[in-house]
Amino acid sequence: MSSQIDYRLSRLAALRPAFGGSPRTMSSELPFGAAALAERLGASIESNQFGEHLRLRRWHDHPTSSAFDCGALGNGVMALLHPSAAPQCLDPSQWLFLDTETTGLCGGSGTYAFLIGLAWWEAGGLQVEQLFIRDYSEEHAALEALAARIAERPVLVTFNGRTFDWPLLETRYRMTRKIAAPQLVSHIDLLHPARQIWRPKLGSVRLIELEDQVLGQLPWQRGDDIPGMLIPQAYFQYLRSEAPSTIEALVQVFRHNEMDLRGLAALSSKIVELLAQPESIESDALELFGLSRLLRRRGSCSRARGIYERALGAGLPVEADRTARRELASLAKRDGDMPRATSLWTEILGGTRDGLDAYEQLAIYYEHHARQPRRAQDVAREAMETLHQAQTAGHIEPARYRRVHARLEHRLARLSRCTRSAPSSRLELLDTSLWLPAE
Amino acid sequence: MPGSLAVRPKETLQAVRDALDQLSARDRTGEVITRIEHIPARAAEWAPMPAWVLPELVSAYRAKGITQLYAHQAAIAEGAHAGKNMVVVTPTASGKTLCYNLPVLNAVLENTDTRALYLFPTKALAQDQLAELYDLSQRLELSSGPSTDAATDIATGAPTGPAKIQRAGQRFGVFTYDGDTPSDARRAIRERGHIVLTNPDMLHTGILPHHTKWTRLFENLRFIVVDELHTYRGVFGSHLANVLRRLRRIANFYGSDPVFICSSATIANPGELAARLLEKPVEVADRNGAPSAEKFFVFYNPPVVNRYLGIRRSYINETSRVADEFLRRGMQTLVFANSRLHTEVLLTYLQRAHPPAPGSKEPVRGYRGGYLPTERREIERGLRDGAIRGVVSTSALELGIDVGSLDAVVMAGYPGTIASTWQRAGRAGRRSGTSCAVLVASSAPLDQYMVRHPEYFLSRAPEHAYIQPDNLEILLNHLKCAAFELPISPDESFGLPGGSGEINLPQLCAHLERAGYLHRSGGNWHWTQEAYPADTVSLRSVTSDNFIIIDQTASVEGGAEVIGEVDFSSALTTVHPKAIYLHQGQQYHVDRLDFDQRKAYVRPVAVDHYTDAIRYTQVRILETAAEDAAPGPALRSHGDVVVRSQVVGFKKIKFFTNENIGAGKLELPENEMHTTSYWITLERPLVASLPFTMSERQSGMFGLLHALESMASLLLMCDRRDLGTAIGERPPAPSAPAVLPPEPEAPERASVELQVEVQAEGTPSPSPDAPQEFYEPNLYLYDAYPGGIGFSAPLHERHALLLARTCELIRSCPCEKGCPSCVGPAGDSSERAKEAALAILDKLSPQGSASERNWDSETEIAQTERIPF
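Just so you know, the sequences run in chain order A and B. Be aware that the first sequence starts at 1, since it is given in the working numbering, and climbs by one per residue. Be aware that the second sequence starts at 1001, since it is given in the working numbering, and climbs by one per residue.
Bound-form chain A, shown alone (with noise of 0.2 Å):
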């Protein structure tokens, strides 16, 4: 039998190999490479209660660190960064920065941490600390080594981390049955604001491109950079081979994830930036764009009424032009400022998807505020044509057609039966009585 076992789990597709590289010998001890990396990286070898893992500290310069001095996070820029932030995270030196580099990008309880990455601000720069694990066996030694850090500094400040590196950590916590997840007093995820302020700007808002086209001058080089999706690879390879260059690519991969941390940080700075004085700042049309739909979203209207203008005065692209005088017409519209936002609606008339929309207001404009019916009722067939012309055109999607087309056959209706019944000025104003209030 023992002749065929082999054989037979030979021929298993279960065990097709899943590698190329040669496995090395089998040890309890640690990965080959261990001692050589912690060398070459200059590394400390930390431990704790539960074991041993590695450390690798390093300082760096960081002038923009100067953009939270004098309280800059008050006057509700901490507001506008994260809305339910507890009091703590007004002080920058209670935030830990933190990205992890990962055995895979699925999640579920199998993938590990096996970097993880951390920085804070002291000494007027930003203090870089990671903490690595050599072998599966260290894993709980660094997670209790990052939930001392974390009740130094509980104000947790990640991109993309709240759904991806704090749940795959908590699960990791999870998994030891021994050591409790700590408890974070605030995580500011700075993706969300990103892609708020950037997206206009850039479509997609990765790390990489904020650096490379809003960041500026950053004292590092990216350079040739370890692609993220070839770092699990790169920590398998480490785990099961002798060979020298797996260690190469391990230092790669703290390479970026150093570099990561230090964007990460000059991003929050470059954020806290922008939100502390939004008037004062020199940005390019679609940054003000970008920013000022982020006031608005975060309830600052009026501020957020200002950067739209200025966005436009610096000349926005078609598209973005449009789209900020609709915005910012409704925000008009809200401040009781009629006059603007007429003038806006006016400005962007037509088939789009905002001059439709544009066109709907100023109907409504026309039928409920200015009582104007006979003027309402030419602007919704001007509307109607427009809808028509950009259907045959095919410009607009059939469901959204059918809705504009609905809401507007249903508005001359109603405004057909105002202006057959009132056909002079003096019952038109008897009738207001009737008419339904501003939708």
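No wet-lab data here; the hints were simulated from the structure. This structure is a prediction, so every number in the text was calculated from the model and none was measured. Positions of the beta carbon are idealized from the N, C-alpha and C atoms, including for glycine. All the pointers check out, no bait thrown in.
Computed footprint of chain B on chain A, listed as stretches where at least three residues anywhere in the stretch have a Cβ under 8 Å from a Cβ of chain B:
id, segment
1, 101 to 112
2, 135 to 141
3, 169 to 179
4, 232 to 244
Selected chain B positions facing chain A (in silico; Cβ < 7 Å):
id, residue
5, H1210
6, N1477
7, E1485
8, E1530
Following the hints, put chain B in place on chain A, whose structure we already have.
Leaving out everything else, chain B in the frame of chain A:
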């Protein structure tokens, strides 16, 4: 259950009698109705409600009209309450859900932290149970105030999520968790679900790999309910056994050791199957205490229209005729068909014959998987309240959906196993009154065997269910999943023999480590892949490596259309280049087969023929596990084999006439599979003593194998596709290769003469001169799944029984020279195939005359109980 329509006994008896008389009147030859079995009424066996059941639960059941229990319900509830793993074996509609709901609800009432996980093979069953549990929990809400500790705890849970969540009451969180569960509801279910109803697939891919999100459930998991246990057999069962290994492992990690409560339809070995699935001692309660009324079971064989070719009248039309007899007498009737297509055909016939009264709804409805849940609920309700008079269903209504009991059941075709036949027949049977079940046989071999041997069916010898959890391919895939969920410690066993056994956990982990899936650190094996292993392991199909079929001409609007999918093993025979592929009645020509991308490109055509692949199959024996002399002289054996098969060409067959109008050669990759096999060796004196020509002998062997395969799938309770067949020369010495002729995928037997010697592993071939006769042929029946699924040893053990059954099948077939119901269609093989097959069987049977032997079911059961795994 109470509340079913009360029908006066005498009236129903008369209606059944009239219907049967009408059917008998048409049966002029006496060959159509082969048996009318009368099953007398049986009284209920009662047991009192156990003393430990809390008063509020007692009153909740009382409100439903249940004040005492059937004997089997009490036995299961008592056992589970005492912490024993239990399996209840009872027929349909015997109140089995109470068996597990009673102890589980009682435990939740006692301690609101208690959690239970229910596993159902289908989503529909879980939905059905949700309704029942919801009803009970509502009654419990009403019956008791908020003073108990249970209510206070739940009050703290924020009532968030969709309506479904809020609806499910405050004291009991009872939820289904499956692919349809909206993502915003999932968090609430994980936290607040006392009873979570799910299916094995969701457990495998959705719950176990994310167990840290289910901490609360796993820490308090006291009961696991496995419903419809008998459906977990073969590959599916082997997978489930491993999923349960993983489940127990995670439960233990969180400090719980849940009790299993299982239910099963009647099979021969429920206790053995349960013990093998759970890997724990299990107590069986199989004394059915539910009452049943008088019933008739009728075996119906459609009349023969062409005796020479063995052609009978369409069984679908006959089914419709039989159902019509019941419906027109006002009997509520359920018709089962074996495919969706036949459901629709039968529905059309019956709706035409029974149009709705003006202003009312259709009295005859369809019921199958594709229908919307609300539609199904409406039909179930209509059946219970009597508004619907007839339903045509697929197997969907066979499992425990509650539709009450009906007057008549008509089955279009044998459902495939005795167990499911009884399940379906069990749908008929009022508390009082007379009911009737009719099995209408198709011309398939098993159908014909059953309808001509009703005594076999009625002799209380249902099938065994087999699983092989230690199938290496399955086991290793689940080990990967297990390592992902929790690092594997060398102290674990994962259900495998420890120590120096041939296959033990450390050894397998070491192999997985060498292949790069696992990494050992601190003594434990950890998962070292980015991929999520459960995603690539499907519990239901043999391989997830399917070919998709793309219609290139459908690309008018944006891209070609995928019209179907075929599994890997049938891809080479059905969608090889130049094949005519049939899909929903449309013919497609396969223009190109992209083997690497697993795609077949087709275009619709209209031609007068179809294609049939010619496959060469070769079996090489790796190791013989057992070999015993048998009458013949012959040998019966089983062991490990390598099966190599290759599609080497195809034939074009004309419709209706079945003429061979051309052929083509193909060059397709060879497929190799390591599996287990049972085989019969016909020794030289046996072959030499047969009074036939060489070609007739060969035809006889293939015909015999055709019939053996049918009967083996019957005995094994497996799908016919789970078994493969081949004939090869007996290897001259142990471990030497056997050389195989083409397997007659196609009815054509002439290919024997074209036999090409495909050589294995470079060993020299015996004389390749063709035509050539087998000197000592081996007839193989192998497991059509890599690694084997546990069929070979039982077949080896039951060799004599298999031969006897096969002999009965062929001998009782009324065809003259072979037909698809016995040795394969006449005309394709030698004229005397049937005769030759019977002659071989005669030699193989112990008394020299197998046909005369009378099979005593008692000795048969005794014999089969000993089957080792």
